[in-house]
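*Asks:* Below are the chains, spelled out letter by letter.
Protein chains: 4
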Amino acid sequence: MCRFVIYKGTSPVQLSHLLTRPCHSIINQAFDSRLRLDHRRPINGDGFGVGWYDSVHDEELGSQPCIFTAVTPAWNNVNLIRLAEKIKSPLVFGHVRATTTGSLSLDNCHPFAYGKLMFMHNGAIADFHLIKRRLQADLSDDVFNVVQGNTDSECAFALLLSKLPDPKAKSFTTRTLQQAMLDTIATLNLYAEEAGITEPSLMNFCVTDGESVVATRYISSRHDEAASLWFSSGTTFSEYAQGGHYRMAKADKRENIIMIASEPLTFEKADWMEIRTNNMVVITPKMNLLQIPIVDKFYVSPSDPAALNRDTDFAAAKGLLSPHKALAPIQPRKNAPQLSI
Amino acid sequence: MCRFVIYKGTSPVQLSHLLTRPCHSIINQAFDSRLRLDHRRPINGDGFGVGWYDSVHDEELGSQPCIFTAVTPAWNNVNLIRLAEKIKSPLVFGHVRATTTGSLSLDNCHPFAYGKLMFMHNGAIADFHLIKRRLQADLSDDVFNVVQGNTDSECAFALLLSKLPDPKAKSFTTRTLQQAMLDTIATLNLYAEEAGITEPSLMNFCVTDGESVVATRYISSRHDEAASLWFSSGTTFSEYAQGGHYRMAKADKRENIIMIASEPLTFEKADWMEIRTNNMVVITPKMNLLQIPIVDKFYVSPSDPAALNRDTDFAAAKGLLSPHKALAPIQPRKNAPQLSI
Amino acid sequence: MCRFVIYKGTSPVQLSHLLTRPCHSIINQAFDSRLRLDHRRPINGDGFGVGWYDSVHDEELGSQPCIFTAVTPAWNNVNLIRLAEKIKSPLVFGHVRATTTGSLSLDNCHPFAYGKLMFMHNGAIADFHLIKRRLQADLSDDVFNVVQGNTDSECAFALLLSKLPDPKAKSFTTRTLQQAMLDTIATLNLYAEEAGITEPSLMNFCVTDGESVVATRYISSRHDEAASLWFSSGTTFSEYAQGGHYRMAKADKRENIIMIASEPLTFEKADWMEIRTNNMVVITPKMNLLQIPIVDKFYVSPSDPAALNRDTDFAAAKGLLSPHKALAPIQPRKNAPQLSI
Amino acid sequence: MCRFVIYKGTSPVQLSHLLTRPCHSIINQAFDSRLRLDHRRPINGDGFGVGWYDSVHDEELGSQPCIFTAVTPAWNNVNLIRLAEKIKSPLVFGHVRATTTGSLSLDNCHPFAYGKLMFMHNGAIADFHLIKRRLQADLSDDVFNVVQGNTDSECAFALLLSKLPDPKAKSFTTRTLQQAMLDTIATLNLYAEEAGITEPSLMNFCVTDGESVVATRYISSRHDEAASLWFSSGTTFSEYAQGGHYRMAKADKRENIIMIASEPLTFEKADWMEIRTNNMVVITPKMNLLQIPIVDKFYVSPSDPAALNRDTDFAAAKGLLSPHKALAPIQPRKNAPQLSI
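Protein chains in written order, with the working numbering: chain A, 31 to 371; chain B, 31 to 371; chain C, 31 to 371; chain D, 31 to 371.
Hints in this document: simulated from the structure, not taken from any laboratory.
All values derive from a computational prediction rather than experimental measurement.
Take the hints with a grain of salt, since some may be wrong.
Given that identical chains are not distinguished, each listed pair holds provided it fits within a single copy or across any two copies.
[To be verified] Capping the alpha-carbon separation at 20 Å, the derived lysine to any residue pairs in SDA-like fashion look like this:
#1 198 / 112
#2 327 / 254
#3 118 / 92
#4 327 / 208
#5 200 / 115
#6 198 / 115
#7 146 / 112
Please work from the sequences and hints to get the whole structure.
*Replies:* Structure (C-alpha cells):
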C-alpha cells in the first residue's frame with residue numbers, strides 16, 4: 031500500500047507543489063480514506079522519502095540525486111515541509127511507505143540511490159524470503175554491499191544495478207536502463223519459478239539516471255491486475271483553487287511536464303491516463319513518453335478479452351489498486367500525449 | 031481527533047490486550063477508516079503514550095506511574111509492542127494523538143504525569159493562545175515549571191495541579207480529584223469568557239492518582255455535542271475470536287473491569303454505554319462507577335428535550351465524535367452497572 | 031555546551047565544507063574530546079540544526095531561510111550528510127546542542143526562524159524559569175505564539191522579535207538588528223535584576239536577516255569570562271590535506287569569507303581571532319566586519335587590567351569556553367581584517 | 031567502541047541502578063572522556079538497547095526477554111529513564127552502540143532476541159562483507175529470516191542460533207549454550223580463513239537463555255589483545271555517595287550478584303577483575319562463575335610469556351580497550367570469586 035510519484039519537467043518544480051501543498055498529493059492521500067480501498071493497513075504512516083536532481087548542474091555538487099527520508103509520517107515532518115518550500119528540481123521521485131516487508135527504518139525508505147541512479151518500488155515480491163539469498167548470490171561484492179535495509183525493494187534495486195554494464199557509469203542510455211529493468215523482472219521471475227513460488231509478484235518499479243525515467247506496471251500473473259499506475263502530462267501544474275486543489279493544464283501541444291503516479295494526484299480524472307498492465311513507461315531525456323509492452327509469459331495482448339478481465343482482488347487486497355479503477359473507467363483524453371510503442 | 035482509553039481492574043491487565051492486540055484498540059482504530067467520520071485529519075499517527083501503575087507495590091519503585099511515549103505511529107512501534115507483551119497493570123491510560131495544537135514532540139504526548147498523578151485530554155481548548163499566558167500567570171512556580179511542551183492539554187493539567195491542595199501529596203481522596211477537575215473546567219471557562227472567546231472548548235479530561243479515576247465528557251456549550259466518551263464494565267476482557275476480536279464478558283454482578291474510552295473498543299456495541307454530555311465519570315478505589323452531572327451554565331438536564339438535540343457538527347468536524355453515535359443509537363444493556371449520581 | 035558556526039561569504043559555500051567534512055567542524059568537535067574542557071556533560075549529541083539562505087533569489091521560493099533540524103546526533107544523520115553535499119548558501123547558521131535547558135525535541139533545536147530572520151544562542155539565561163512568564167507577558171500575541179519549545183533561547187529570540195519595529199518586515203537595516211540585540215540583552219538583564227537573580231547569564235546570540243549578521247559575546251558579569259567566540263576571515267576555505275583538514279586562505283586583502291564560531295574550526299590557530307568579551311560583532315551586507323563594545327554596567331574596558339582577568343571558571347564549568355583560550359593565548363594575525371569600533 | 035553490561039543476581043535489580051543512575055554506567059561512560067582512549071569515534075551516541083527477563087514468572091507473559099532499544103543517545107532518552115525507574119530484573123543485558131558496521135537503525139541495536147535467547151556483541155568481525163553471504167547460506171530459512179538489520183553482530187547471533195539443536199527450545203543446558211558459542215567462533219574463523227581475511231576479528235559475545243550466561247573475550251589473533259572484558263561480584267551493588275557513585279559490596283562469601291562489563295562500572299578498581307583474553311566466562315543458573323579457555327590456534331597459555339605481551343594497539347584503535355588496562359595493572363582481590371576452569 032505504498033504510493034509514489036515521479037515528476038519530470040522541462041522546468042524545475044518546487045517540491046511543495048508536488049508533495050506538501052496539493053490536497054491530493056501522495057502525502058495527503060496517506061490519510062484521506064475516501065480514496066482508499068484498503069482498510070486493513072495503516073495509511074502510509076511508515077516513513078517516506080523524496081529524491082531529486084539539481085536544477086542547475088554544478089561541478090562541485092556532482093550529478094547524484096539528493097535523498098531525504100524519514101520514519102515519521104510525511105504529513106507532519108517539519109523538515110520535509112521546510113525543504114519542500116525551498117527546493118526546486120526538474121526530476122523528482124517521491125515515495126510514502128506502508129511496511130509490508132521490512133521494518134520501520136531509514137534504511138528501508140525509498141527512493142534508493144547509487145551513483146547517479148535512483149530507484150523506487152510499489153508492490154511486493156512474493157515470498158521474497160525464499161529467494162533473497164539466491165538473489166544476493168548473483169550480486170557482485172560492490173552491489174551486494176549497497177544493500178543496507180531488509181526490503182525486497184532494495185534487493186530488487188541491487189539486482190537491477192547488477193544488470194547494468196557499469197552501475198557507476200557517468201551516463202546511461204535510455205535503452206540501457208530499459209534493458210536492465212526487463213532483465214531484473216525476468217530474473218525475479220526466474221527465481222520465483224525455481225523456488226516454486228506461485229503467488230504473483232507486484233513489480234511497479236521506477237529507475238532514473240537523472241535524464242531518462244523507466245517505470246513499470248507489472249505483475250507476474252496472467253489473471254491478476256497489477257498495482258495501479260497512472261500518468262499525466264501538460265504544460266503547467268498549479269493550484270486553481272485554495273486548499274491545495276491542483277490541476278494539470280495544457281496550453282499547447284508541448285509536454286513540459288510528465289507525472290507518473292500510483293494514483294491520480296488531482297481530482298481531475300480526465301487529466302490522468304492509466305498505464306496498461308505489464309507495460310513499461312519511458313520518459314526520454316527529451317521528454318518523449320513511450321509505453322512499451324513487457325511481452326513474456328504473463329503478457330496478455332490488449333486485443334485479448336482476458337486483458338480486460340484481470341482480477342483486481344489480489345492488488346486490491348494489497349492496497350495497491352487506485353480507487354479510480356474500481357470506481358469508474360477512465361476515458362482517454364482527446365489531447366492525450368502521443369505514445370509510441 | 032485524539033483517542034484515549036482508561037482501564038481499571040481488580041486484576042492487572044497485560045497491556046497488549048488493551049493496546050496492541052485488539053483489532054479495535056485505540057491504536058488499530060488509528061487506521062481503520064470504516065470507523066472514522068473525520069476525513070480531514072491524519073489518523074492518530076502523530077505520537078502516542080501509555081501510562082500505568084505497578085501491579086504490586088514496591089517501596090523501591092515508588093508509587094508514581096510509568097510513562098512510555100513516542101512520536102512515531104503506535105501501530106508500528108516495536109518498543110510498544112514488546113513492552114505491551116511484558117507489562118501488566120491494574121490502571122492504565124492510553125492515548126493516541128493527532129496534532130491539532132502543539133507540534134510533534136515527546137513533550138506533547140499524553141499522558142502527562144506529576145508525582146502520583148497522571149492526566150490526559152481528548153479535545154481542544156478553543157483559542158488557547160489567547161488565554162495561555164493568563165493561565166500561566168495563575169500557576170505556582172513549581173507547577174509552571176512542570177510544563178514542557180506547547181499543548182493546551184498539558185497547560186490544563188498544570189491548572190488542575192494548581193487546584194489541588196498539594197499536588198505532591200502521597201494520597202488524594204476521590205472527592206479532592208473531582209473538585210480539582212471541576213475547578214479546572216470552571217477556570218478555563220472563566221478565562222475564555224474574559225478573553226471573549228465564543229467557540230466552545232472540548233474538555234474530555236481524565237486524571238488519576240493510581241486509585242481513583244475522574245474523567246469528564248464536557249463541552250462549554252449548551253447547543254453542541256461534546257467529544258464522545260463511552261464506558262464498559264465486566265468481569266473479563268478477552269479475545270473470543272482470532273484476529274484480535276475482543277469482548278467484555280460479564281460472569282456475575284461484580285465489576286472487575288471498568289474501561290472508559292473515546293470510542294467503543296470492541297465491535298460489541300451492547301457492551302458499551304455512552305457517558306452523557308457534561309457529566310463527570312468517577313471510578314472509586316473500590317471500583318464503584320459514578321456518573322455526576324457538571325451543572326453550570328452549559329448544563330442541559332436530560333429531561334430537557336434540548337439535551338437530545340445537541341448539534342454533533344462541531345465535535346464531528348474536530349473528529350471527536352465516535353461513529354456509533356452518528357450511525358446508530360445505543361441501547362443500554364440490562365445488566366449495566368449501577369450509576370449513582 | 032552548545033556550539034555554533036556562522037558563515038557569510040561573497041560566494042556560496044557547499045554546506046558539507048562547513049559542517050560534515052572538516053574534521054574540526056562543530057559536528058566533529060562534538061566527539062573530539064581532545065578539545066573539550068567540559069567532561070561533565072554529553073557532547074552535543076542532543077540534536078542540531080542548520081539554517082541557510084538561497085544562493086540565488088527566486089521569487090517563488092521567497093526570502094526566508096530554510097531550516098533543517100534533528101534530535102539524533104549530527105555526526106550520524108544521513109539526511110544532513112546528503113543535504114550538505116547538495117546545498118550551497120552564502121549565509122549559514124549551524125548549531126549543535128547539549129540539553130542544558132529544554133528537552134530533546136525538534137522544537138528546541140536552533141536556529142529559530144521567523145519570516146526572514148534566523149537566530150541562535152550559545153549559553154544559558156540564568157534561572158530562566160524565574161523570568162519566563164515576565165518575558166512572555168511583554169510579547170505581542172503574534173510573537174508569543176511563535177514560541178514552540180521550552181528553551182530560554184527561543185524565548186530570547188521572541189524577545190528580540192518584539193524589539194523590532196516590524197519583525198515581519200521585508201528588510202532590516204544592520205542598525206535595526208544591532209539595536210534590537212542590545213535591547214534584548216538590556217531587557218533580559220532588567221528581568222534578572224527584578225527577579226533577584228545573581229548568577230550571570232551567558233548570552234552569545236546571533237541574528238541575521240540574510241544580509242546583515244549581528245552576534246554577541248556577552249556575559250552579565252564584570253568578573254566572569256563569557257562563552258568563547260571567534261572569527262576568521264579570508265578568501266577561500268578549503269581542504270588542504272586529506273581527512274578533513276581545512277584552512278582559511280587569504281589570497282589578497284579582500285574578505286570574501288567571514289566565519290564566526292564558538293570555537294576555532296581549524297587547527298590553524300593563527301587563522302582565528304578571539305572576539306572580546308561583551309562585544310557585538312557585525313557583518314554588514316557588504317562584508318565589513320565590525321566589533322562594537324556593549325557598554326553597560328558589565329562592561330570592562332580593554333584598558334582596564336580587570337579585562338584580562340575575567341574568571342574562566344564559570345564559562346568553563348558550563349562547557350562554554352573554547353580550549354584555545356585555556357591552553358594558549360592567541361596572537362593576532364598581522365593581516366587581520368580591519369575592525370572598526 | 032560499543033560497550034555492554036551483563037547483570038545476573040539472585041535478587042532483581044532496578045534497572046536504574048544499573049543503567050541511568052551510576053555516574054559510571056555504560057550510558058554515562060558514553061560521554062565521560064576521561065576514561066576514553068579512543069578519540070576518533072563518537073561516543074556511543076548511536077543508539078542503545080536493554081533486554082531483561084521478568085522477576086517473577088508469569089505464564090501469560092511468557093519466558094522471552096523484553097527488549098527496549100532506541101537510536102537517540104541513551105543519556106537523554108526519557109523513556110529509558112522512566113522505564114529504568116520502574117523495572118526490576120534478575121538478568122539484564124545493556125548495550126550502547128557506536129556505529130562501526132551497520133547504519134543507525136533500531137534493527138541494528140543490541141541486544142538481539144529469539145525466543146528465550148538474548149545476545150549482544152562488542153567488537154567487529156573483520157571484513158564481514160566478504161563472508162556475509164557465506165554465513166547466510168549456512169542458515170536455515172527460519173534463522174535467516176530472523177536477521178532484520180545489517181550488522182555483523184546480528185548475523186553472528188543468527189549463526190549461533192543455527193548451532194543450537196533447537197533454537198526455539200523451552201530450555202537450554204549451560205553446556206549447550208557454551209558449545210554453540212564455541213561453534214560460532216570456530217565457524218567465523220573458518221569463514222575468515224576461506225575468504226583470506228587476515229585482520230583479526232574482535233568477538234566479545236554474550237548469550238543467555240534467562241538462566242545461564244555465556245560470554246567470551248576473544249580475538250582471532252595470537253598477538254593482539256582482545257576487546258576488554260571485566261567482571262565483578264558481590265552481595266550488594268548500591269550507591270555509597272551522592273552523584274551516582276556506586277560500589278559492589280561483599281558481605282559474605284555468597285555471590286548474589288555477578289556483573290560482566292566491557293569496562294569497570296565503578297571507580298573502585300579493586301572490585302573488578304579482568305577476564306583473560308580468549309576465554310569464555312559462564313554464569314550458571316546457580317550463580318557459579320566459570321572461566322574457561324577457548325583453546326584453538328589463537329590461544330596462548332597464560333604461562334607463555336607471549337600471553338602478557340599481546341599488542342593492545344589493535345583493540346585500542348577500535349576503541350575497545352578499557353582504560354584500566356592501559357593505565358594500570360589490576361591486582362586480583364584476595365576475596366575474588368572462585369573460578370573453576
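*Asks:* If a hint holds in the structure, say so; if it doesn't, say that too.
*Replies:* Status of the hints after comparison with the structure:
1. In the homo-oligomer, the alpha carbons of residue 198 and residue 112 lie at most 20 Å apart only across protomers (18 Å), although the nearest pairing inside one protomer, at 32 Å, exceeds that limit.
2. Only within a single protomer do residue 327 and residue 254 lie at most 20 Å apart by alpha-carbon distance; the minimum there is 13 Å, versus 59 Å between protomers.
3. Taking CA atoms no more than 20 Å apart as the test, residue 118 paired with residue 92 passes in both settings, with 16 Å inside one copy and 12 Å between copies.
4. In this assembly of identical chains, residue 327 and residue 208 lie within 20 Å of each other by CA distance solely inside one copy; the values are 18 Å within and 53 Å between copies.
5. Taking the closest pair of Cα atoms, residue 200 and residue 115 come within 20 Å of each other only across two copies (18 Å); inside a single copy the shortest separation is 30 Å, beyond that limit.
6. Taking CA atoms no more than 20 Å apart as the test, residue 198 paired with residue 115 passes between copies only; the shortest distance there is 18 Å, against 31 Å inside one copy.
7. In this assembly of identical chains, residue 146 and residue 112 lie within 20 Å of each other by CA distance solely across copies; the values are 13 Å between and 25 Å within a copy.
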